[in-house]
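Number of protein chains: 2
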Amino acid sequence: MQCVVVYDIVDDNKRGKIADVCQDYGLDRIQYSSFLGDLAPTHQEELMLKLQAVLGKLPGNIQLFPICEKDWHARRIIDQKEESDGKESEDKR
Amino acid sequence: MQCVVVYDIVDDNKRGKIADVCQDYGLDRIQYSSFLGDLAPTHQEELMLKLQAVLGKLPGNIQLFPICEKDWHARRIIDQKEESDGKESEDKR
Chain C
1 MQCVVVYDIV DDNKRGKIAD VCQDYGLDRI QYSSFLGDLA PTHQEELMLK LQAVLGKLPG
61 NIQLFPICEK DWHARRIIDQ KEESDGKESE DKR
Chain A
94 MQCVVVYDIV DDNKRGKIAD VCQDYGLDRI QYSSFLGDLA PTHQEELMLK LQAVLGKLPG
154 NIQLFPICEK DWHARRIIDQ KEESDGKESE DKR
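Chains C and A supply the protein sequences, listed in that same order.
At position 15 of the first sequence the residue is numbered 15 (my numbering), and the sequence of numbers has no breaks.
At position 7 of the second sequence the residue is numbered 100 (my numbering), and the sequence of numbers has no breaks.
Check before you lean on any hint, since a few could be wrong.
[Said to hold, decoys possible] As a list, the in silico SDA-like pairs of lysine to any residue whose alpha-carbon atoms are at most 20 angstroms apart:
no., chain 1, residue 1, chain 2, residue 2
1, A, K163, C, R75
2, C, K14, A, Y125
3, A, K110, C, I77
4, A, K174, C, N13
5, C, K57, A, I171
6, C, K57, C, N13
7, A, K110, A, N154
8, C, K81, A, D101
[Stated by the list, open to error] Taking CB as the label site, the calculated pair distances span:
no., chain 1, residue 1, chain 2, residue 2, range
9, A, N106, C, K50, 32 to 42 angstroms
10, C, D24, A, L142, 33 to 43 angstroms
11, A, D117, C, A53, 34 to 44 angstroms
12, A, M94, C, Q80, 31 to 41 angstroms
13, C, D20, A, D172, 13 to 23 angstroms
14, C, K17, A, K150, 34 to 44 angstroms
15, A, E138, C, N13, 16 to 26 angstroms
16, C, D28, A, L151, 17 to 27 angstroms
17, C, T42, A, H136, 27 to 37 angstroms
18, A, G119, C, E46, 26 to 36 angstroms
19, C, K50, A, D117, 32 to 42 angstroms
20, A, D121, C, C68, 19 to 29 angstroms
Hint data in this document are derived by calculation from the structure and do not stem from the laboratory.
Predicted, not measured: the structure shown is a model, and the values here were computed from it.
For glycine and all other residues, C-beta sits at the position ideal for the given N, C-alpha and C.
Next up, chain C with everything else stripped away, as it sits in the complex (with noise of 0.2 angstroms):
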């Protein structure tokens, strides 16, 4: 099942632990405090628990939110890329 994890993490040292954690898990980074990827119910909670024990009892909020087959269709996405890749001598011209 596709899961979004969303976090908000002032510590940079824990900030950096669960973005460690959730690569183990083979979630994708989609921004620099958010990853996307594929997660068993079972794993869900599991990674939770690790992520509650990485960041122990400072402040903190994360989120994950499963995303069912329906849903995850009908996501909507926004992806450009830099355009200067092969482009630049477009401008020299």
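We have chain C; now place chain A onto it with these hints.
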């Protein structure tokens, strides 16, 4: 319908404007570049068109994930506030 909007935009000015548009649509900021809120499918479409117009041809990634009622109730949250509020006195006892 609840929606998560996550964006990754390099240009500071555009990123700020994207946030403004999300706020105009009544979404709540859950992180520096992520918003959450209730949007009907027609408004989801409209929001993405506006965000596309704001971004123009600059590079960026914007993703909107609709979340059905069932998934919404299955979301997992860790939310810890700063402990210092009102607890500072405890340390001084």
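Each hint, compared with the structure:
no., hint, result
1, A:K163 to C:R75, "holds, 16 angstroms"
2, C:K14 to A:Y125, "holds, 17 angstroms"
3, A:K110 to C:I77, "holds, 18 angstroms"
4, A:K174 to C:N13, "holds, 18 angstroms"
5, C:K57 to A:I171, "holds, 11 angstroms"
6, C:K57 to C:N13, "holds, 14 angstroms"
7, A:K110 to A:N154, "holds, 14 angstroms"
8, C:K81 to A:D101, "holds, 11 angstroms"
9, A:N106 to C:K50: 32 to 42 angstroms, "holds, 37 angstroms"
10, C:D24 to A:L142: 33 to 43 angstroms, "holds, 37 angstroms"
11, A:D117 to C:A53: 34 to 44 angstroms, "holds, 38 angstroms"
12, A:M94 to C:Q80: 31 to 41 angstroms, "violated, 26 angstroms"
13, C:D20 to A:D172: 13 to 23 angstroms, "holds, 21 angstroms"
14, C:K17 to A:K150: 34 to 44 angstroms, "holds, 37 angstroms"
15, A:E138 to C:N13: 16 to 26 angstroms, "violated, 41 angstroms"
16, C:D28 to A:L151: 17 to 27 angstroms, "holds, 22 angstroms"
17, C:T42 to A:H136: 27 to 37 angstroms, "holds, 35 angstroms"
18, A:G119 to C:E46: 26 to 36 angstroms, "holds, 34 angstroms"
19, C:K50 to A:D117: 32 to 42 angstroms, "holds, 37 angstroms"
20, A:D121 to C:C68: 19 to 29 angstroms, "holds, 22 angstroms"
Against the hints set out earlier in the document, violations occur for numbers 12, 15.
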